[in-house]
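As given, the protein sequences belong to chains A and B, one line each in that order. Quick note on my numbering: the first sequence kicks off at 10 and runs consecutively. Quick note on my numbering: the second sequence kicks off at -6 and runs consecutively.
Treat the hints with care, since some could be wrong.
[Said to hold, decoys possible] Within a straight-line C-alpha distance of at most 20 Å, the following computed PhoX-like cross-link-like pairs (lysine-lysine) qualify:
(1) B:K186 x A:K125
(2) A:K151 x B:K322
(3) B:K0 x B:K285
Derived from the structure by calculation, the hints contain no laboratory data.
Chain by chain, the residues run as shown.
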Amino acid sequence: MTSIIEVQGVSKSFGGVVANHDVSMTVNSGTITGLIGPNGSGKTTLFNSIVGYHPIDGGSIQFEGEEISRLSVQQIARRGLLRTFQQTRIYGAMNGVENMLISLPHRKMNIWDALKTYTREDYERADHLLEFVGLYEKRLLKSGDLSFGQQKLLEFAMALMNEPTCLLLDEPTAGINPTLINGLIDRLKRANTEFGITLFVIEHNMRVIMNMAETIYCLAHGELLAQGTPDEIQNDQRVIDAYLGAH
Amino acid sequence: MNMARNKTILYALILAFTFISPFAFPDFGTQLATLWLMIIVALTWDMTGGQMGYNSLGNIFFYGTGMYVAALISIGMVYDVGDYTNAAGGGIYKFTDLQYFGGLALGVLGAGLFCSITAVVIGYLTFGLRGPYFAIGTLGVAIAAGELVSNWDWVGGGQGIALPVYPGDLDTGKIFFYFLFAAVGVGTFLFAKWLYGTRFGAAINAIRDDEEKADAMGIHTLRYKLYTWAMAAFFVGMAGGISAFQLIHFEPLESAYQTINLGIFMVVCVLLGGKGTLWGPVIGAILFHLFKEVTWNYLLGWQWVALGALIVVTVVYFQDGVMGWLVHKRPEWFGIKVEKKVAEQAK
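Next comes chain B alone, as it looks inside the complex (with noise of 0.2 Å):
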């Protein structure tokens, strides 16, 4: 019971400090935001990578669609969005708050529902392949998409789509991003943290496993692979509908399909923090984010090389990450114990 209450307590000062930190600490409000989209993407990266056993390196695909399709949506609910990507500073294209608001909601829904879909239709075509096959070839697909995005003129191009700024003042703007992310952020956990503990989630860790015995047990393999897949794009590409919009202007290679920064920080993080966990991926990511920051500011110049340190230093020696480590020295946490029958003490 105590355990019970220590956790409730632990949830209600997490979540306290989510909606305070951007008030106390208003100089860090993007840098908040930032750590809350770290956190989703790890998290959604853990739901094939850790849970599954599908280590995707296309993730991105779904962060720079969600990008493009919010975009697309908000602005096509307006304009013509040819004329608007073609505009290059010359044409005017105002919108009212209703229409800002608006397009961004339906937006950052709809990039969600896209990418669903998108991950279904790849992965049928994907969930064929194994390790490090499956691994390279969704990393290829986020490539292609990339370069196939920034050669197509309609949506801009390699220059990408400015969107409208935020109506209200900048600082109100940053906390409105800030708890758009945290509202999704907290989605994502709580929604992962019931599917974990359902006889899907069940599944899922067994296809993980040892897929070959999960078929011979009757399980629904690929259908769940699919699913399991487009869920988590659900939330990486409404991470990515809220990115566009924050960060106002965005271009196809560098910040929508990034492939080599967040692509592959979203896999440090829960390498870092430990895959396969609830909680491996949150810890992860704020631990990366932190290391990232810290070097960025203080070894500037050296800060990809420090990055590329803490990612073989995690690869080679610290491989099961800090959840992974704690389960190793604190088995009892986690109720790792012989049992006893109770009928038996009684004797």
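Next comes chain A alone, as it looks inside the complex (with noise of 0.2 Å):
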């Protein structure tokens, strides 16, 4: 199994906060990785550190074999490493199809491409989407209208969208009707097989990121604590005790 992200050593603080220390961790191709820690644990800067939205204070961080620590985040989103926001992020003045269609990947067209208008294959790819995470009906409304669980949902659309290799999901399921949260775990697990996306995603829902991750990685005090499989996760004592703060 070949690795899509490599991150080696990666250490940040900003100012006198270590946010994360000296961490290692790979997320192998093809597959769904989680990320888990209490509050404040360093898991979001983690992310925002792998897409460029800060530099790096230490170490490196590859994605398909190429070093990406140094780059922007536009550079780093048009090598096909997306990811979605844990305060959701949508053009909430347009609608579903139009939040879909801006989506579409313009990291694959030139300008003549984009010069162009959509195409019936574009707007069977949105609707399909669209329905494939359950917003179909909703699609035409102002989707700034929508409910936050909806906006979610509307944003891992757009992120399918985009065609990403590899997709950083930041909480996905928080402020989801817990109804929905096996609906979204079986999305998710398809973006996954279906469309071959890699996964690695940051969730707090234990039961979601137990039935979802192959590999899950526990940081604590923006070091790593543990990793394994669910199993070896759910039974380390290190990481009961991080979450119950038994420290």
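Combine both chains into one complex, guided by the hints.
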């Protein structure tokens, strides 16, 4: 199995706050990898480092064998490494279909492709993915008026529209109705198997992550605490202590 | 289908009115030409301001630069520019019909192209600025350009440039310039209509709504911003070029780089009609132009107060403009609705 993201010895501090210290992890191509840890353990900081939101203080981040730790957000996104946001970000003034169409992979277009109008295939793909996440009926509503959970689903569909090779999801089930969560787990898994997208997921909901991921990394206080299969992580005393605050 | 037919009829009526109006209202020939100029600058301002979220106060730079470039090209093709601008009424410079119309055509086209290029250069320097900083930054460019040009003797300095007069009779000239503006105006409208329907158009909307998200989705944000401004500058530059010939004489601060007049009017037009819509700038330009002409005629002495009041009322109480108000009142006209799946309805 080949690795797609290779994080080695990454450190990041904000002033005196050490958000990540000497973190190393590997995401294998075609898998679902989980990242867990208590609040403030540096998960989102690590995601931001990987996708280029801020420079790292030390270490190396490789995507498909290429060093990306010095590249900008756009450059990394154009290599097919995409992220969704913890605070959902969609284009609120537009409707669902427009949100989807905007998310077409511009990295695969030159200016002449960009100056074409949308094709029938574009619309079909947008409708198909909106149906995939269960938003087809609301696709013509202003997406800013959708509920938070629906906006999360829309953001996920937009990410799929962009045809990424690897998708970083920051708490995909936060704020989603518990009855919808099972459906979402199913969709994330299908995105992985049907579209062949490698997923790297931050998640607080243990049931979700234990059901999905093949490998799980656990951060605490900005350092890597444990790694392993869901079973190993669930039975790891250090992880249990970190989550229950038994320090 | 009925909707599509209504639209065709509407477009046909507008086009017919465009052709007939200068003959039907010969006394208003220049006014109607100016209306088209307003429509052009409003539509192009909305390309960046409304559709892309970059409120430029410096688009007047392209208007003024377009004037100068068109004038310099048409003069330079026949005479030495330095001698011509230095003549101050002393020398006699004649232009044949071919030289006049050839110079006008090449000058206007050249003005558009030159402004596109300068938009890319200025955009490269200013598109790092956001919100009010971009507005002030671009305003600074326009003001600085006006001051620089008015101190540049080769292009006539503060006196500006006097161009040759239209070779035919005066009334034909008015109609000629009306149709030049109308052609560029219709062209600008059709171009914008097409552009907003493309993937590119959607991408600049994405930049307006959340540029960081657009970055994260891999959209070439800076490149698209530069292209958009270059497209807008092309049409403004051409409009400026035509204005130069229409006005015959222009000078840098009051007519070319007129930041407080046309430079602000174009923004007010768009706000009045509705930002970020195709028809908003057109409707806004018409309303604004009517308002301006009426107050300038019947409220003379108070016209600037009336104009200021209009701006304040628009900005404070009517931010979404006519089109925004319509979208709010009649969302179904714009296709905003819940749509049940066809398959489910069939069951």
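A quick look at each hint next to the structure:
1. Our distance criterion of 20 Å between C-alpha atoms is met by K186 of chain B and K125 of chain A, whose separation comes to about 13 Å.
2. Proximity of K151 of chain A to K322 of chain B is assessed by CA-CA distance (about 15 Å); at most 20 Å being required, the pair is judged to hold.
3. Note on K0 of chain B and K285 of chain B: the hinted pairing is violated, with a Cα-Cα distance of about 29 Å set against a maximum of 20 Å.
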